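*Asks:* So the chains spell out like this:
Protein chains: 2
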Amino acid sequence: MKLLEPLDINGMVIANRTLVPAMVTRLSGEDGAVNQDVIDRYVRYAQGEIGLIVVEAMAIHSARSGPLLRIGEDRFNDGHRELVSRVHDVSDSKIVPQIIHFMKVARSGWRQTIDSLSIREIDDIIAQFGAAAARAREVGYDGVELHSAHAYTLSSFLSKLNPRRDEYDGRTLEGRLRMFGKVMASVRARVGDDFPVGVRFLSEECIKDGYTIAEAKLIALRMAQLGVDYISLSIGGKFEDAIYTEGEPLYPYTGYSGDRCMPGVWYPPLTNADNVAIVKKFINDHGYDVPVVSAGKISAPGEAEALLQSGKADIIGMARQHLTDPDWIKKVREGRADDIIKCIWCNVCKQLDEKFREVHCFLWPKHARQAPPDTADAGAPAWGEDAGGLVVALRDDGGAELKWSRCPAGTVAGYDIYRADGAGEVVLVDAVKGARFVDKTILGGLAYTYYVRAFDATGRASPPSNSVTVAPPVPGYGAARDRETTDA
Amino acid sequence: MKLLEPLDINGMVIANRTLVPAMVTRLSGEDGAVNQDVIDRYVRYAQGEIGLIVVEAMAIHSARSGPLLRIGEDRFNDGHRELVSRVHDVSDSKIVPQIIHFMKVARSGWRQTIDSLSIREIDDIIAQFGAAAARAREVGYDGVELHSAHAYTLSSFLSKLNPRRDEYDGRTLEGRLRMFGKVMASVRARVGDDFPVGVRFLSEECIKDGYTIAEAKLIALRMAQLGVDYISLSIGGKFEDAIYTEGEPLYPYTGYSGDRCMPGVWYPPLTNADNVAIVKKFINDHGYDVPVVSAGKISAPGEAEALLQSGKADIIGMARQHLTDPDWIKKVREGRADDIIKCIWCNVCKQLDEKFREVHCFLWPKHARQAPPDTADAGAPAWGEDAGGLVVALRDDGGAELKWSRCPAGTVAGYDIYRADGAGEVVLVDAVKGARFVDKTILGGLAYTYYVRAFDATGRASPPSNSVTVAPPVPGYGAARDRETTDA
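Chains E and S, in that order, are what the protein sequence lines are.
Heads up, the first sequence is in the numbering used here, so the first residue is 1 and it goes up one at a time.
Heads up, the second sequence is in the numbering used here, so the first residue is 1 and it goes up one at a time.
No lab work stands behind these hints, which were simulated from the structure alone.
Quantities reported herein were computed from a predicted structural model and do not represent experimental measurements.
Do not take every clue at face value.
A partial selection of chain S residues facing chain E, derived with a Cβ cut-off under 8 Å [claimed, not checked]: (1) 173; (2) 184; (3) 211; (4) 393; (5) 397; (6) 447.
Virtual Cβ for every residue (Gly too), placed ideally from N, Cα, C.
Turn these sequences into a full structure, and let the hints steer you where they fit.
*Replies:* Next up, the structure:
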């Protein structure tokens with residue numbers, strides 16, 4: 001299984017092909033220092049034996065920005081050293097910080113843009129990236145990742161909307177690439193050639209006049225030319241289409257590009273995988289074998305493995321799925337893939353982040369601040385004599401209402417609702433904590449077979465409940481008009 | 001060649017697999033009647049032997065809306081009858097009108113939304129669709145296309161943002177489909193089963209919380225269940241992200257979703273083809289063989305043919321490419337594919353439309369109101385002794401500046417600039433009317449070979465000019481910082 005194969009990234013050997021992309025936690029204090037909650041979050045990932053843990057974006061400059069981590073001064077080093085040490089104590093997981101520079105945003109809706117930067121300020125940012133990377137090496141991180149994605153400074157230089165007209169000229173690709181090139185030179189000068197330096201950037205900006213995959217592959221090639229050690233691709237997440245809320249600073253995941261960045265349940269699985277495959281093929285065709293990370297609604301081990309087998313990716317990035325269940329790869333390795341608690345893309349985590357609150361998973365036990373441990377305190381959930389007693393009723397509004405009996409045995413954390421349509425493919429529709437669900441996305445004229453499985457906090461699932469097949473008809477659209485005609 | 005194979009669409013036999021999607025022309029007068037300019041535009045397409053010509057969207061209701069065609073009253077019939085007759089006189093091209101209902105928009109930025117509609121108003125719209133379709137049959141159109149795409153009424157019912165909470169409930173797929181179902185029933189009741197009824201809708205809304213391909217395939221299946229005779233897929237083009245200009249009514253192609261609808265040069269070719277293939281496979285897998293139209297940056301005959309051969313589409317829709325050169329399929333059939341004038345996706349046509357001006361193609365001769373005829377008035381363009389005398393200079397900003405000699409022989413309409421990178425694939429970078437071009441999208445570290453071809457108004461091209469290879473280096477990013485350090 002390729003998922004379980006190690007990979008050498010410039011001397012950093014990851015034990016398997018999984019990665020947690022940087023995800024804001026809002027667990028650190030206002031001071032931006034590593035604290036116990038932050039350590040607990042990343043230790044939990046290490047317990048899950050994830051190949052590479054990328055720590056949430058941390059500021060390289062001296063900006064205060066709520067509970068976001070910082071690495072811009074030496075006084076933060078001890079915290080990072082402790083974090084790295086605790087993670088390394090737990091498993092072979094490697095850990096790198098994502099280092100970021102961002103511009104100012106105000107509650108008035110105003111935001112600073114890169115055309116306001118003087119050359120000296122730019123040179124300072126370049127030096128700060130180098131210094132932060134040096135700090136990352138000093139405190140024991142296994143490498144460092146440069147945040148060149150979403151709405152932040154490096155990404156704004158890469159953007160097709162880059163408004164500068166000097167050597168960083170937004171009108172030419174080379175002008176847009178210059179900032180990243182200088183940052184990379186600065187970082188290498190400080191950490192040397194033997195320290196893994198990865199990058200995250202966008203395969204597509206997903207905003208009006210933004211760049212697309214047609215340029216992303218060229219940007220990736222430049223990064224490869226400059227010796228980055230892995231390329232991790234995200235998408236969207238820009239300020240340009242962010243929705244302003246009175247009195248709140250603009251938040252770059254609130255518009256359409258935010259949807260694309262953290263695609264909800266209404267997006268198909270593997271939403272970004274084809275873009276990633278295009279980038280990987282392009283740099284491979286040009287002689288570079290820099291590992292490429294694919295991310296975006298990846299959840300099923302079979303789908304992840306297929307991406308690796310088909311050469312569409314080298315590493316599988318899972319943010320929300322790992323938040324839901326940090327033990328994903330451990331369970332795969334132990335032959336317990338069936339125990340994986342599957343992310344349902346409900347984006348409660350995204351909403352918490354948008355509201356500047358601690359980021360949790362909806363599927364965690366109530367009030368939990370971390371994913372529960374992978375240790376069972378009782379038998380697995382099991383149905384009673386009615387095998388779940390699932391009943392499904394078709395509603396006038398076109399939905400299907402499911403009700404079932406609560407599981408009498410085991411400690412139930414939630415219920416997964418599965419559905420197969422006529423083609424036989426089974427999909428996880430949703431997960432709920434109660435014993436009722438309404439499916440609003442079915443189409444008359446197809447037959448749907450439903451069943452439900454209860455799962456506990458370790459992901460151990462009950463057998464499938466009884467299954468129920470419903471076949472809503474195609475509505476008769478003539479009826480309403482006929483009635484109206486009769487009335488008239 | 002599959003492009004040249006006829007196709008029977010419910011009795012309407014199209015001679016080949018090309019289609020002009022409905023494109024606004026702004027040629028009709030304020031009265032919304034067919035006039036000579038409108039006839040000239042569509043006759044020109046018929047001269048090009050396009051399989052199916054879809055006439056620009058025409059209103060089924062009594063709204064005045066600038067120079068847009070109307071079909072909502074019998075008094076417009078004579079004009080349509082004349083249009084159909086003139087088109088049928090010219091070639092075997094089939095012609096159908098796209099019929100549309102749209103809501104009110106105001107210069108204040110206000111727009112009417114579908115939650116404002118009473119049931120009686122909805123019933124009126126349903127009846128108006130039926131009446132307009134009946135009119136289309138009466139005046140001799142070969143079929144009719146229902147406009148259920150972009151920002152207009154039917155699309156707003158299909159939208160995941162449909163705000164209604166009655167039988168047209170936006171919270172369920174069936175609720176969102178009800179309006180289209182009733183319209184289809186109304187249309188069939190008026191035109192019978194033997195009149196081709198096509199539909200255009202979106203494979204993806206491309207707005208925050210909008211629907212994606214995951215639902216588009218279900219929507220298409222419902223349309224197939226209801227007996228539509230072809231399905232033509234567009235994408236984006238919504239009001240929700242439209243950019244408001246003071247004093248102008250909102251225009252739904254001004255935001256990101258507008259970019260997606262009419263993708264510019266910075267989008268890859270065949271931008272929508274994968275979505276279309278997913279829809280086609282899904283309805284085919286469910287037992288329906290309704291022909292599916294793929295559109296979106298299709299230009300090269302080889303790429304179009306490949307879409308058909310691989311089963312990703314049944315018909316090739318080209319809007320901007322057909323505006324540029326209505327003789328596309330005729331030239332393919334006559335073995336003159338090299339004479340096709342290639343759309344360069346400059347979107348001058350889109351900008352004219354946005355400014356409420358007559359829609360022309362940038363590559364047409366100056367002041368032309370239609371594509372020039374496919375008849376040559378002199379010899380084809382040919383270079384002088386210097387074979388074009390192309391020279392390419394690399395610029396400090398990372399661009400490459402091309403200059404060449406104007407073609408001394410033939411009547412030159414423009415110059416195509418071709419570029420091959422190391423992989424050997426030749427791409428058309430742009431076309432210009434002068435003898436200079438700056439390429440701003442090249443990457444240092446790759447080698448590029450350029451050549452130029454002149455073409456006349458019929459598309460006859462000169463031989464390639466002399467070719468020039470440039471190999472811009474990867475910039476040395478250390479230099480600026482070193483200098484800065486020295487200064488300090």
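*Asks:* Starting from the hint list further up, note which numbers the structure goes against and sort them upward.
*Replies:* 4 and 6
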